[in-house]
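Asks: As a plain string of letters, each chain reads:
There are 2 protein chains.
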Amino acid sequence: MIRESSKMELRSRRIAILSPVAWRTPPRAYGAWETVASNITEGLVARGWKDVTLFATKESITSAKLVGFVERGYEEDKTQIRKVSECLHISKVMERADEFDLIHNNFDYLPLTYLPFIKTPMLTTIHGFSDEDIKRVYHDHKDTYYVSISDADRDSELPYLATVYNGIDLSNITYRDKGGDKLVCYGRVHPDKGYHLAIEVAQKSGIELILAGIIQDQRYFDTMLKPHFDDKLIKFIGPVNPVQRDALLKEAYAVLHLNTIPERFGLVMPEAMAAGVPVIAMDLGSCREVIADKQTGYLVNNVDEGVEAVGKIDSIDRKKCREHVEQNFTIDKMVERYEKVYEEIFRREAQKQKTSTGR
Amino acid sequence: MIRESSKMELRSRRIAILSPVAWRTPPRAYGAWETVASNITEGLVARGWKDVTLFATKESITSAKLVGFVERGYEEDKTQIRKVSECLHISKVMERADEFDLIHNNFDYLPLTYLPFIKTPMLTTIHGFSDEDIKRVYHDHKDTYYVSISDADRDSELPYLATVYNGIDLSNITYRDKGGDKLVCYGRVHPDKGYHLAIEVAQKSGIELILAGIIQDQRYFDTMLKPHFDDKLIKFIGPVNPVQRDALLKEAYAVLHLNTIPERFGLVMPEAMAAGVPVIAMDLGSCREVIADKQTGYLVNNVDEGVEAVGKIDSIDRKKCREHVEQNFTIDKMVERYEKVYEEIFRREAQKQKTSTGR
Numbered sequence: 008m009i010r011e012s013s014k015m016e017l018r019s020r021r022i023a024i025l026s027p028v029a030w031r032t033p034p035r036a037y038g039a040w041e042t043v044a045s046n047i048t049e050g051l052v053a054r055g056w057k058d059v060t061l062f063a064t065k066e067s068i069t070s071a072k073l074v075g076f077v078e079r080g081y082e083e084d085k086t087q088i089r090k091v092s093e094c095l096h097i098s099k100v101m102e103r104a105d106e107f108d109l110i111h112n113n114f115d116y117l118p119l120t121y122l123p124f125i126k127t128p129m130l131t132t133i134h135g136f137s138d139e140d141i142k143r144v145y146h147d148h149k150d151t152y153y154v155s156i157s158d159a160d161r162d163s164e165l166p167y168l169a170t171v172y173n174g175i176d177l178s179n180i181t182y183r184d185k186g187g188d189k190l191v192c193y194g195r196v197h198p199d200k201g202y203h204l205a206i207e208v209a210q211k212s213g214i215e216l217i218l219a220g221i222i223q224d225q226r227y228f229d230t231m232l233k234p235h236f237d238d239k240l241i242k243f244i245g246p247v248n249p250v251q252r253d254a255l256l257k258e259a260y261a262v263l264h265l266n267t268i269p270e271r272f273g274l275v276m277p278e279a280m281a282a283g284v285p286v287i288a289m290d291l292g293s294c295r296e297v298i299a300d301k302q303t304g305y306l307v308n309n310v311d312e313g314v315e316a317v318g319k320i321d322s323i324d325r326k327k328c329r330e331h332v333e334q335n336f337t338i339d340k341m342v343e344r345y346e347k348v349y350e351e352i353f354r355r356e357a358q359k360q361k362t363s364t365g366r
Numbered sequence: 008m009i010r011e012s013s014k015m016e017l018r019s020r021r022i023a024i025l026s027p028v029a030w031r032t033p034p035r036a037y038g039a040w041e042t043v044a045s046n047i048t049e050g051l052v053a054r055g056w057k058d059v060t061l062f063a064t065k066e067s068i069t070s071a072k073l074v075g076f077v078e079r080g081y082e083e084d085k086t087q088i089r090k091v092s093e094c095l096h097i098s099k100v101m102e103r104a105d106e107f108d109l110i111h112n113n114f115d116y117l118p119l120t121y122l123p124f125i126k127t128p129m130l131t132t133i134h135g136f137s138d139e140d141i142k143r144v145y146h147d148h149k150d151t152y153y154v155s156i157s158d159a160d161r162d163s164e165l166p167y168l169a170t171v172y173n174g175i176d177l178s179n180i181t182y183r184d185k186g187g188d189k190l191v192c193y194g195r196v197h198p199d200k201g202y203h204l205a206i207e208v209a210q211k212s213g214i215e216l217i218l219a220g221i222i223q224d225q226r227y228f229d230t231m232l233k234p235h236f237d238d239k240l241i242k243f244i245g246p247v248n249p250v251q252r253d254a255l256l257k258e259a260y261a262v263l264h265l266n267t268i269p270e271r272f273g274l275v276m277p278e279a280m281a282a283g284v285p286v287i288a289m290d291l292g293s294c295r296e297v298i299a300d301k302q303t304g305y306l307v308n309n310v311d312e313g314v315e316a317v318g319k320i321d322s323i324d325r326k327k328c329r330e331h332v333e334q335n336f337t338i339d340k341m342v343e344r345y346e347k348v349y350e351e352i353f354r355r356e357a358q359k360q361k362t363s364t365g366r
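Here the protein sequences come in this chain order: A and B.
Start counting the first sequence at 8; every next residue gets the next number (my numbering).
Start counting the second sequence at 8; every next residue gets the next number (my numbering).
In case anyone wonders, no lab produced these hints; they're calculated from the structure.
These figures come from a predicted structure and were not determined experimentally.
All C-beta atoms in this analysis are idealised placements derived from N, C-alpha and C, irrespective of residue type, glycine included.
It is possible that part of the hints are untrue.
Think about it this way: if two alpha-carbon atoms lie no more than 30 Å apart in a straight line, the pair counts; the simulated DSS-like pairs of lysine-lysine are [what the hints assert, rightly or not]:
#1 LYS142/B with LYS99/A
#2 LYS211/A with LYS301/A
#3 LYS126/A with LYS359/B
Among the chain A residues that face chain B by a calculated CB cut under 8 Å, a handful are [claimed, not checked]:
#4 THR86
#5 GLN87
#6 ILE88
#7 SER98
#8 GLU102
#9 PRO123
#10 PHE124
#11 THR127
#12 ASP138
#13 ASP140
#14 ARG143
#15 VAL144
#16 TYR145
Chain A on its own, in the form it takes in the complex (with noise of 0.2 Å):
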């Protein structure tokens, strides 16, 4: 009864989810940071909390209250600044700071900035380090709340409460029992993706392989990519939304995620496994805290284990695939972890007052 009641009490605290707003959250197609405030922000109102606030752009949807200051995504209308629209968005925010409880940020290291000038406490989820030097805003800001993404995503100076996978929505992906017969790459077309290795394996193991994903290199794509298409063996079908994603999930006999540098999480994974898809993923970075090796897919270390690793897919159990993402990567699973960190938080901040007031 007790912890009923104490958890009906944490529930009724007062959150503001920052999200970016480089596009809609959740976004219409890609948007990897949109796509997980929106989950933290939706499964927040599911396990029952009272006033859930996301600030994101204007024409964004939840269920939550919503407040926006920019119309659209500034990826969505290029008239924009991004560096105007973030900057007004994220100042926004910091302005009304003392109607909650708790900022989650999701929007990188620009809102630190605004700390000192706020009595609320904030939590910053960082979903990467786009860039080393970014590491200098975040280094001088050492006394706020930090969670990683992974464990492997880590940067050692900063003081982390907790790692929080990333949940997924599984509403939008059907398992299926029976695989298809293709190889299946998708995500942001970019080097660190590791396209061009993909289309390695399909080579060397003579299976098709269709690749999707936003072109976030076109040169990239152009010179390494393009040459390779035939519309046989390897195929390019531009962005999928959710709806083409599943479709394109089962035609999957396995998905190939071959990144270049040390992942930090890649949502691929659990999408891919939540459809009974067993994933076959580059030992860089969070790979192996997010597939079960040899469980729900295979490690690889280069092209070569990449092929044999195709050739081993039939010992993988789809179900298998399925069960580990139920237990370890749904939306609930995440803000259940997310709970628990804010109620340290809560804790954390309790004390401070007690202390500062001699109590």
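Since chain A is already given, all that's left is putting chain B on it; use the hints.
Replies: Below, chain B without anything else, positioned relative to chain A:
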């Protein structure tokens, strides 16, 4: 006596000058905003201000107090992400706002977003709207103090306290009674600055042209300018520091300033006139505020009028050019005007204080 003592009181106020961190303050070569911020700082000290603090890169040079957080300008150290250096630099000023009676912002729009969190009044000199979109931030902050750098460069929706023309450092510029025999065009190599029009004027006049400046648009340089370089009629010498600029102005019969968009202020014009060099300027934006038409140069509307103006340069009194600058565009004149603006801000702030305390 009373006026003297009130001036002393004014000059004992604590002023923070916020300079950009693209370049050192003052810059080694190019860096218009850093130049002006430096001139304001040194000018205040020269006029007897006792407590002036310059916020700039750590390696900056000033006779005021220097506070820096960023080692070097992000344009001089390309490992830096511009936004990271900007937000760190700016937030450090804001964190110390209470130590100052006035923050004089020479750093564009980002500082405005911290205004709701500080009590110290801020004066923003708008050195230019780099894009229409940045006005979103200005329009969101109308309850602060603005100065324009020319009457031409004003946004109709903003409340300006005054126009304060930029002042230049005359100690770097040698006045010469007799001019050289070449046309000169310098500043930054960008289509806005009409270097291509200067080449046309030189070719039609048959007079040698020396081009100088930092290349801000390589494609423009390569396609529109470079094909004309012949080391005889048209020559390009790269960026010039103040010493090189003085040598360059010695060569000058006239300076061509054939801007293709409205000029915001145009430091090149007073620099040239200070050396006794008449300026032929496009009649766009501030040019007609800076040069006295037919007395210190000519306002023109196209290349042909430019060629015509070259033919009439001998009727310009070089002494008059110098005097025009001494009377209007010295550092001391600029700072004298800023003193009046600061005084007005303190008057208004005191008034606000009275109103809010009901006295």
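Asks: Work down the list of hints and note, for each, if the structure agrees.
Replies: Each hint tested on the structure:
A distance of roughly 16 Å separates the Cα atoms of LYS142/B and LYS99/A; the hinted pair therefore holds under the 30 Å criterion. This hinted pair checks out: LYS211/A and LYS301/A have alpha carbons roughly 21 Å apart, not beyond 30 Å. A C-alpha spacing of about 26 Å is found between LYS126/A and LYS359/B, which places the hinted pair at or below 30 Å, so the restraint holds. At about 6 Å, the closest approach between the beta carbon of THR86/A and any beta carbon in chain B falls short of 8 Å, and the interface hint on this residue holds.
At its closest, the beta carbon of GLN87/A sits 6 Å from a beta carbon of chain B; the interface hint therefore holds under the 8 Å criterion. The criterion of a C-beta within 8 Å of any C-beta in chain B is met by ILE88/A, whose closest approach is roughly 5 Å, and the hint holds. Annotation: interface hint on SER98/A holds; nearest CB of chain B at approximately 4 Å, less than 8 Å. Interface restraint check for GLU102/A: the shortest CB-CB distance to chain B comes to about 5 Å, inside 8 Å, so the restraint holds.
Residue-level restraint check for PRO123/A holds (minimum Cβ-Cβ distance to chain B is 5 Å; threshold 8 Å). Hint on PHE124/A holds. Least Cβ distance to chain B is approximately 4 Å, under the 8 Å limit. Taken as an interface hint, THR127/A does not check out: its beta carbon lies about 13 Å from the nearest beta carbon of chain B, beyond 8 Å. Interface restraint check: ASP138/A against chain B, minimum CB-CB distance 6 Å, threshold 8 Å, status holds.
Proximity of ASP140/A to chain B holds as hinted, the smallest CB-CB distance being about 5 Å (cut-off 8 Å). About 6 Å separates the beta-carbon of ARG143/A from the nearest beta-carbon of chain B, less than 8 Å, and the hint is met. The interface hint given for VAL144/A is met, as the beta carbon of that residue sits about 6 Å from the closest beta carbon of chain B, less than 8 Å. Taken as an interface hint, TYR145/A does not check out: its beta carbon lies about 10 Å from the nearest beta carbon of chain B, beyond 8 Å.
Violated hints, listed in ascending order, are 11, 16; each of the other numbered hints is respected by the structure.
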